[in-house]
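With chain A's structure known, arrange chain B on it following the hints.
So you can see what is in the structure, the chains are spelled out below.
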Amino acid sequence: AQSVTQLGSHVSVSEGALVLLRCNYSSSVPPYLFWYVQYPNQGLQLLLKYTSAATLVKGINGFEAEFKKSETSFHLTKPSAHMRDAAEYFCAVSAVNAGGTSYGKLTFGQGTILTVHP
Amino acid sequence: DGGITQSPKYLFRKEGQNVTLSCEQNLNHDAMYWYRQDPGQGLRLIYYSQIVNDFQKGDIAEGYSVSREKKESFPLTVTSAQKNPTAFYLCASRRDRDGFEKLFFGSGTQLSVL
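Residue numbers (this note's numbering), protein chains in the order written: chain A, 581 to 698; chain B, 93 to 206.
Isolated chain A, as found in the complex:
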């Protein structure tokens, strides 16, 4: 069984400020973890993924996330927010097969809406 909890349904930052979106996971098997971004009335786009190769993962648009097994966390950060970062962000978890491919179900967190103000 697996689950994801995103702390904070809304986060508001000033342009240029640090962005921190929190994600904690629960998984009975070694997980793969993902962050997705969704702009209004659109589908989801992958930001980055953790697949056990490195605990600090860099993604698109300057975002990165660190996998901390001891804290079961995978928080998303960006040093300096831009107006274009305003969107909804989803953390997700899946199981991994022996071949190293994520499989089965992708379980999403509740989402965090990021607002960036001037």
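Wrong hints could be hidden among the right ones.
Straight-line distance between alpha carbons at most 20 Å, and here's what the computed SDA-like set of lysine to any residue pairs gives [as the list claims (entries may be wrong)]:
id	chain 1	residue 1	chain 2	residue 2
1	A	Lys-638	A	Asn-604
2	A	Lys-648	A	Thr-585
3	B	Lys-149	A	Gly-684
4	B	Lys-101	A	Gln-622
5	A	Lys-685	B	Gln-148
6	A	Lys-685	B	Glu-154
7	A	Lys-685	B	Gln-142
8	B	Lys-101	A	Asn-621
9	B	Lys-175	B	Arg-105
10	A	Lys-685	B	Ala-123
11	B	Lys-163	B	Asp-122
12	B	Lys-194	A	Tyr-619
13	B	Lys-149	A	Tyr-683
14	A	Lys-685	B	Val-144
15	B	Lys-194	B	Ala-123
16	B	Lys-194	B	Gly-94
17	A	Lys-649	A	Ala-633
18	A	Lys-648	A	Ala-675
19	B	Lys-194	A	Gly-684
20	A	Lys-685	B	Phe-147
21	A	Lys-685	B	Ile-152
22	A	Lys-685	A	Ala-581
23	B	Lys-194	A	Thr-631
24	B	Lys-101	A	Gln-625
25	A	Lys-685	B	Arg-187
26	A	Lys-685	B	Ile-143
27	B	Lys-194	A	Gly-679
28	B	Lys-149	A	Ser-583
29	B	Lys-194	A	Leu-628
30	A	Lys-685	B	Ser-157
31	A	Lys-685	B	Gln-129
32	B	Lys-175	B	Gln-109
33	B	Lys-194	A	Ala-633
34	A	Lys-685	B	Asp-188
35	B	Lys-149	A	Ala-675
Because the hints were derived from the structure by calculation, they are not lab data.
Relative to chain A, chain B alone:
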């Protein structure tokens, strides 16, 4: 260009009516998925299909039905048994041997009840 097309973008349902949401992909992907999105609840899996003529229930399949007669098409029917159908519906697909990092999403259908 390859991609996933969902139609219509907006759909309205009357009481007691069944409605069908279309999802077509020209990516030659094996697996297709339907998710329901409600504010503050993230995405929840309704149904998925890994091969033609086969599909499995997700976490919230009650009140929904699907078919997978062709590899490129995975329509979702919201039946009258679904008492709270208002939501944003997302279709997604991927090749069976790829991980979820290669999951492609459509642009969604917003379903509302009249």
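Taking the hints in turn, this is what the structure says about them:
Pair hint Lys-638(A) plus Asn-604(A) holds up; C-alpha atoms about 18 Å apart against a cutoff of 20 Å. Distance check on the hinted pair: Lys-648(A) and Thr-585(A) sit about 15 Å apart at the alpha-carbon level, within 20 Å; holds. For a cut-off of 20 Å, the pair hint linking Lys-149(B) to Gly-684(A) stands: about 12 Å separates their Cα positions. Between Lys-101(B) and Gln-622(A) the alpha-carbon distance is near 10 Å, which keeps this suggested pair within the 20 Å criterion.
This hinted pair checks out: Lys-685(A) and Gln-148(B) have alpha carbons roughly 11 Å apart, not beyond 20 Å. Using a Cα cut-off of 20 Å, the hinted pair Lys-685(A) and Glu-154(B) holds, with the two alpha carbons roughly 18 Å apart. A distance of roughly 12 Å separates the Cα atoms of Lys-685(A) and Gln-142(B); the hinted pair therefore holds under the 20 Å criterion. A hinted pair counts as satisfied when its Cα atoms are at most 20 Å apart, and Lys-101(B) with Asn-621(A) qualifies at roughly 9 Å.
The straight-line distance between the Cα atoms of Lys-175(B) and Arg-105(B) is roughly 11 Å, inside the 20 Å bound, and the hint therefore holds. A C-alpha spacing of about 12 Å is found between Lys-685(A) and Ala-123(B), which places the hinted pair at or below 20 Å, so the restraint holds. Of the supplied pair hints, the one linking Lys-163(B) and Asp-122(B) holds, its CA atoms being roughly 7 Å apart against a limit of 20 Å. Pair hint Lys-194(B) plus Tyr-619(A) holds up; C-alpha atoms about 19 Å apart against a cutoff of 20 Å.
Between the alpha carbons of Lys-149(B) and Tyr-683(A) the distance comes to roughly 16 Å, so the proposed pair stays at or under 20 Å and holds. Between Lys-685(A) and Val-144(B) the alpha-carbon distance is near 18 Å, which keeps this suggested pair within the 20 Å criterion. Taken as a hint, the Lys-194(B) and Ala-123(B) pair is honoured in the structure, with Cα atoms around 11 Å apart against an allowance of 20 Å. Straight-line distance between C-alpha atoms of Lys-194(B) and Gly-94(B) comes to about 14 Å, which keeps the hinted pair within the 20 Å bound.
A distance of roughly 13 Å separates the Cα atoms of Lys-649(A) and Ala-633(A); the hinted pair therefore holds under the 20 Å criterion. At most 20 Å may separate the alpha-carbon atoms for a hinted pair to count; Lys-648(A) and Ala-675(A) meet this at roughly 17 Å. Between the alpha carbons of Lys-194(B) and Gly-684(A) the distance comes to roughly 14 Å, so the proposed pair stays at or under 20 Å and holds. Distance restraint check for Lys-685(A) and Phe-147(B): the Cα-Cα separation of roughly 13 Å lies within the 20 Å cut-off, and the hinted pair is therefore satisfied.
Distance restraint check for Lys-685(A) and Ile-152(B): the Cα-Cα separation of roughly 13 Å lies within the 20 Å cut-off, and the hinted pair is therefore satisfied. Restraint check: the Cα-Cα separation between Lys-685(A) and Ala-581(A) comes to about 10 Å, which is no more than 20 Å; the hinted pair holds. With a C-alpha separation of about 13 Å, the suggested pairing of Lys-194(B) with Thr-631(A) holds against the 20 Å cut-off. Taking the CA atoms of Lys-101(B) and Gln-625(A), the gap is about 18 Å. The hint holds against a cut of 20 Å.
Between Lys-685(A) and Arg-187(B), the direct Cα distance comes to roughly 14 Å. Compliance with the 20 Å bound is thereby established for this hinted pair. Restraint check for Lys-685(A) and Ile-143(B): the C-alpha separation of about 15 Å stays at or below 20 Å, so the hint holds. Restraint check for Lys-194(B) and Gly-679(A): the C-alpha separation of about 16 Å stays at or below 20 Å, so the hint holds. The straight-line distance between the Cα atoms of Lys-149(B) and Ser-583(A) is roughly 18 Å, inside the 20 Å bound, and the hint therefore holds.
Taking the CA atoms of Lys-194(B) and Leu-628(A), the gap is about 11 Å. The hint holds against a cut of 20 Å. Taking the CA atoms of Lys-685(A) and Ser-157(B), the gap is about 19 Å. The hint holds against a cut of 20 Å. Taking the CA atoms of Lys-685(A) and Gln-129(B), the gap is near 16 Å; set against the 20 Å cutoff, the hint holds. This hinted pair checks out: Lys-175(B) and Gln-109(B) have alpha carbons roughly 11 Å apart, not beyond 20 Å.
Note on Lys-194(B) and Ala-633(A): the hinted pairing holds, with a Cα-Cα distance of about 17 Å set against a maximum of 20 Å. With a C-alpha separation of about 13 Å, the suggested pair Lys-685(A) and Asp-188(B) falls inside the 20 Å cut-off, and the hint holds. Restraint check for Lys-149(B) and Ala-675(A): the C-alpha separation of about 18 Å stays at or below 20 Å, so the hint holds.
Of the hints listed earlier, there is not a single one the structure fails to meet.
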